[in-house]
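In order, the protein sequences belong to chains H and Z. Under this note's numbering, the first residue of the first sequence carries the number 1, and numbering increases by one thereafter. Under this note's numbering, the first residue of the second sequence carries the number 1001, and numbering increases by one thereafter.
Do not rely on the hints blindly, as some may be mistaken.
[What the hints assert, rightly or not] Pairwise CB distance ranges (calculated): (1) I1111/Z - E62/H: 43 to 53 Å; (2) E107/H - E1176/Z: 20 to 30 Å; (3) P1117/Z - Q144/H: 49 to 59 Å; (4) A11/H - I1111/Z: 52 to 62 Å.
[As the list claims (entries may be wrong)] Derived EDC-like pairs (lysine to aspartate or glutamate); straight-line CA-CA distance at most 16 Å: (5) K70/H - E1071/Z; (6) K1086/Z - E1062/Z; (7) K1086/Z - E62/H.
FYI, nobody ran anything at the bench for these hints, they're computed from the structure. We put the CB at the ideal spot given by N, CA and C, even for glycine.
Letter by letter, the chains look like this.
Number of protein chains: 2
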Amino acid sequence: MPRIHFHQQLAELKDKLLAMAALAQQAVESAVDAYVQRDEGICQYVRENETAINAAQREVDEMAYELLAKEQPMAIDLRFILAVIKINGDLERIGDQAMSIAIRTKEMLDIPAVVLPVDIENMGDYAGRMIRASIQSLLEGDCQVAESVRDMDDEIDQMNRVARAGLTQMIQKQPEVAEQALQTIMMSRSLERIADHATNIATDVIFWIRGADVRHQLNAAID
Amino acid sequence: MPRIHFHQQLAELKDKLLAMAALAQQAVESAVDAYVQRDEGICQYVRENETAINAAQREVDEMAYELLAKEQPMAIDLRFILAVIKINGDLERIGDQAMSIAIRTKEMLDIPAVVLPVDIENMGDYAGRMIRASIQSLLEGDCQVAESVRDMDDEIDQMNRVARAGLTQMIQKQPEVAEQALQTIMMSRSLERIADHATNIATDVIFWIRGADVRHQLNAAID
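Isolated chain H, as found in the complex (with noise of 0.2 Å):
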């Protein structure tokens, strides 16, 4: 019977998780919205939902951690909260990054618009596909989608390279959007590291299910 109850709570504990997810995922794509449509209201939902975020996570780390303190898990199970509490950091910097998005399309709003040579909704969809996917993964259990998730990670760290290049070219020829330009390198930058998150939840979810080890055998992906 306490047998039952236990994995009744990991089953709870994993819903817990997956709220947390759907919050920092639906973060991002606010984010992005909020830059592609130029709303500051977007941004402003997305600073609040930061507080949700916040509190999303300490419910998961609070329950992960009497989870251990009580039921003393074994083997997959104590894998499995150590992935979730893991996890869980991951979830709550895609969120930050997210803000950080919002906040710097704020500031976007109170200069001229103007075309920059970066798709920061194209790299905020592929982003997006990412997280869901490492979410997939953990949902499902599924080393493959976990695996799937960190060979995207080049891809989004080529765009990252190509953007701010490119944006750097531009700041050379048109100095009077520099501050424009900036601003997206950093958001760029921000998906970038998103997806950076996402590739390390797919590797808790690896470690999780296989008990391996396999954070460093990818390389370090710093642009």
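Start from chain H and add chain Z according to the hints.
Just chain Z now, kept in the frame of chain H:
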């Protein structure tokens, strides 16, 4: 008897984490030195140091996981091990940011040196002091020292904002040095992120000692 053995293992875990902290601290100092001295050899050293940091991180994580699995610790010991896991992650990210600074420094060696309105050395010293104090608070279990680290964070956020504003202005006036200015904007941001990680470490120390979740009493500092 087994509890004595367990406390020896906890002490060993702490020692391993301190070794990890020393490597991360070393990485930051070296990366800033490499920038100040424009020294390619030091850049290379920081990159090689990264492998040692990753190995140290894995060792800490594995030992923490084994202690959780075999010893089923309670209350303050459990909180200590969870704090170690989180602090370990922050130290690894400090190492990543140091490597990012070293990579940018190396890229800057290929372009002319210019005088820039940013004191990377001073910011590096300040961030280094924050790391040191956060580790000291861990060593001594001292919440007051941990609180002092959290108080230091605003100052480096401000340094980063000032640096970014000055460098953006410079780009607008002298677009021919945009590349140099951009790289240092990113370095300043890396140092500010390193300080954030030191603040996270201090927060985890407080969680370990007091058992309180103090994380979101802080305003999230995003520039």
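Original post:
Which hint numbers does the structure go against, in order from smallest to largest?
Top reply: none
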